[in-house]
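Construct all of the structure, not just a fragment, from the sequences and the given hints.
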Amino acid sequence: MVPGVEFVQFNDVADLVRKFDSTVCAIGFEFLQGEGGIRPVSREFAETAHKLARMHNALLIADEIQSGMGRTGRWFAYQHYGIQPDLVTVAKPIAGGLPLGALLATEKVSECIHPGMHGTTFGGGPLACAVALQLVTILQKEKLLNHVQKIGGYLVEQLQKLQKKHRAIREVRGVGLMVGLELASADLAKEVFQQMLKRGTIVNRTDETVIRLLPPFIVNKQHIDTAIRQLDQVLAQNTSAVAANAAGRNQ
Amino acid sequence: MNLEQVSKLESKLLLSTYERYPVLLRKGRGVYVYDDKGRKYLDLLSGIGVNALGYAHPAITKTIARQAKLLVHTSNLFYHEYQGRLAAALTKISGMDRAFFTNSGTEAWEGALKLADPCPGACLSRPDVRRAGHYAQGKISRAVCSRGPRRGVRAI
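Chains E and F supply the protein sequences, listed in that same order.
Using this note's numbering, the letters of the first sequence map in sequence onto residues 1 to 251.
Using this note's numbering, the letters of the second sequence map in sequence onto residues 1 to 156.
In short, the hints are calculated from the structure, not lab data.
C-beta: ideal position from N, C-alpha, C; glycine also.
Do not take every clue at face value.
[As the list claims (entries may be wrong)] Here chain E is said to cover these stretches of chain F; the calculated rule only asks that three of the stretch's residues, wherever they fall, bring their Cβ under 8 Å from a Cβ of chain E:
#	segment
1	32 to 44
2	56 to 64
3	68 to 78
4	82 to 93
5	96 to 104
Here it is as structure tokens:
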């Protein structure tokens, strides 16, 4: 771990205020946590972090590696909050599958960097950059951010319908096409993702109990309906299996 | 090679960092990927949020092929036409001013930490950053890692 880094309890404004003083040089977070289980930062937490960073002349760093480039239906998750960070990290979808990342900075922060201070041999090569430029063009030309908003809304709606049917679904969270399904137990989540794979649909488990969906932006209703139907079957099967096990133990 | 052979080879030769799904992928088209036996999977994970346009998008494939024939790598000792144009596109959509390109999110984050950790000697004439100079020994609070180091490492 990086030395001199202190962690703040997620969405705990009091903890943030307590730990933020003039020795802090930066605060960084994902406005919508990915690996952490698809959890949005509260508006109050984000605004307090922004305010404290300004007050103490510290930098606000938005980690947009997973949530950026349109995944949430806007270009970046911080744009849902109306907060402008000092630094933004971008990667994953940026170059259509080729490895590329970017650090975006304000003019003021950029003034700190001079030739020789930082560099890379491979970073920003012509192949990855040409493809990234093409990707941005396609996202704009085909109005895919609008599509992500609409289809993401549909996905969440269908999952919420499923939640009414299956008590094992504790919560449905997400923005755009960054969606998480909190299940009753880690075992169930593991079972669900494995059985979905057997049925021919790839999802993922993160933060133990969360089924994570990060579909491509070109996904349509028909794909989502297929996945929902499979989830419905898998959940029905497993909840009854869990109930049967529990009944067996009680005998 | 089939799945069994591939997984046997890897378990002998790779550092055991991953618990892979028992699937050997061969190709992808749109929202679907296909395994070595030709079985089709609906991919709702897109390589952990990477394949935004799915697999083998014609315009992406075409750009890769065109550029591969021209120039794949230059190092940053030389100019090529795409960094500046990509920076223009990214700063426009983000409201930021400048870009630095890396190979991964982890490196982008590393760069962010380097910038946050004030630059010794570089900006002494500017009061606001000079004050930040004291913060070299300071702390970087990362809410993203709020629940422990392991998640923090994975989050970047």
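Results of checking the hints against the structure:
| no. | hint | in the structure |
| --- | --- | --- |
| 1 | 32 to 44 | holds (count 7) |
| 2 | 56 to 64 | holds (count 5) |
| 3 | 68 to 78 | holds (count 8) |
| 4 | 82 to 93 | holds (count 8) |
| 5 | 96 to 104 | holds (count 9) |
Going down the numbered hints, you'll see the structure goes against none, and every one checks out.
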